[in-house]
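Enquirer: Sequence:
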Amino acid sequence: MDGVPAALPALTAAQLMQDRAARFGFDWGDVGGVLDKLVEEIAEFREAGTPEDKIDEFGDVLFALVNLARWSGIHAEDALRQANGKFRNRYKAMERLASEREQDFVALPLDGKEALWQEAKAAER
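Mapping of the sequence shown onto UniProt numbering: residues 1 to 125, in sequence order.
No wet-lab data here; the hints were simulated from the structure. Don't take every hint at face value.
What the hints assert, rightly or not - Lysine to any residue pairs mimicking SDA-like chemistry, simulated, CA-CA at most 25 Å apart:
#1 K92 <-> L108
#2 K92 <-> G112
#3 K37 <-> F58
#4 K92 <-> A123
#5 K121 <-> Y91
#6 K92 <-> P109
#7 K92 <-> Q103
#8 K113 <-> E124
#9 K121 <-> A93
#10 K86 <-> R125
Let the hints inform the model, and build the full structure from the sequences given.
Expert: Here is the structure:
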């Protein structure tokens, strides 16, 4: 693990460490094991009591998600970057839709914002 640069983005570093561990036989036998581990880590996060425990368990959830990405042939950093862009575009569309309807976006209740979100999402298709 010494060869994984500390300056890498955390998701990329996690994926590289998991790749290296897998090359030396420290890996799940199939994707089912990865999914089971993810479910286990989410359960541990739910049970975490202190803020420090939540941080620790959240990190474990992220690490397990990166492993699922690796098993699925997905680069985790790219997937998150794509999800960020999708969220940004949908959110901007929500704001635009509210403005076009002369609605105060900030004052809209959550269900009104959710309706705009679903409309923005449907418009992408």
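Enquirer: If a hint holds in the structure, say so; if it doesn't, say that too.
Expert: Hint check results:
Among the hinted pairs, K92 with L108 is consistent with the structure: their alpha-carbon atoms are about 15 Å apart, no more than 25 Å. Our distance criterion of 25 Å between C-alpha atoms is met by K92 and G112, whose separation comes to about 15 Å. Distance check on the hinted pair: K37 and F58 sit about 13 Å apart at the alpha-carbon level, within 25 Å; holds. Among the hinted pairs, K92 with A123 is consistent with the structure: their alpha-carbon atoms are about 13 Å apart, no more than 25 Å.
Taking the CA atoms of K121 and Y91, the gap is near 10 Å; set against the 25 Å cutoff, the hint holds. At most 25 Å may separate the alpha-carbon atoms for a hinted pair to count; K92 and P109 meet this at roughly 17 Å. Taking the CA atoms of K92 and Q103, the gap is near 14 Å; set against the 25 Å cutoff, the hint holds. Distance check on the hinted pair: K113 and E124 sit about 17 Å apart at the alpha-carbon level, within 25 Å; holds.
Only pairs whose Cα atoms come within 25 Å are accepted, and K121 paired with A93 is accepted, the gap being roughly 9 Å. Simply put, K86 and R125 have alpha-carbon atoms about 12 Å apart, close enough for the 25 Å limit, and the pair holds.
Checked against the numbered hints above, the structure breaks none of them.
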